[in-house]
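Participant: Sequence:
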Amino acid sequence: MKSLTLLRYLAIAIIVLLLDQLSKWSALSNLQMGVPVPVLPFMNWLLLFNPGAAFSFLAEGSGWQRWFFTILGLGASIYIIWLLNKSQSDKLLCIALSLILGGALGNVMDRVMYGAVVDFIDLYYVNWHWPAFNIADSAICIGAALIIWGELRKSFGKSAQSH
Numbered sequence: 115m116k117s118l119t120l121l122r123y124l125a126i127a128i129i130v131l132l133l134d135q136l137s138k139w140s141a142l143s144n145l146q147m148g149v150p151v152p153v154l155p156f157m158n159w160l161l162l163f164n165p166g167a168a169f170s171f172l173a174e175g176s177g178w179q180r181w182f183f184t185i186l187g188l189g190a191s192i193y194i195i196w197l198l199n200k201s202q203s204d205k206l207l208c209i210a211l212s213l214i215l216g217g218a219l220g221n222v223m224d225r226v227m228y229g230a231v232v233d234f235i236d237l238y239y240v241n242w243h244w245p246a247f248n249i250a251d252s253a254i255c256i257g258a259a260l261i262i263w264g265e266l267r268k269s270f271g272k273s274a275q276s277h
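Just remember that our numbering sits 114 ahead of the position in the sequence shown, which is counted from 1.
Simulated from the structure, these hints should not be mistaken for laboratory data.
All the given hints hold, so there is nothing to weed out.
Quick list of in silico lysine to aspartate or glutamate cross-link-like pairs, DMTMM-like style, CA-CA up to 20 Å: (1) Lys-205 to Glu-265; (2) Lys-116 to Asp-204; (3) Lys-200 to Glu-265; (4) Lys-268 to Asp-204.
With the sequences and hints as input, model every part of the structure.
Facilitator: In structure tokens, the structure reads:
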């Protein structure tokens, strides 16, 4: 039974990975590098490659960061699978970890195939632009927010019960 539950969480990660890779394939097939395509009054499709990490951290490196972040992503993925196996009774945590796992593997695939992460979502207000991102990044952020929310719920639930 435990392995069936683990497979369900891994299926979530695989769905995130597939959606991420399909969206990046579409962006690579239909967008020109650096040319914004308006979608909404606050959003463009904008194909960019990010050789660094979040917010282009270490993007100016000489290329070593490609393999550093690939190994880091693979290591995090192995740890997340271990956590998923260990924490199956915490459904919210496992869903969050599945989102993070799918996103991490999506960005690892980009680094291996292209040497950088494919970003294509550009949110902006007037002349201010949020750093471009992708579905994998979104899944990682949603997963992290769910972990924080779950932990806050546990903390506040315990303090309310102790009074």
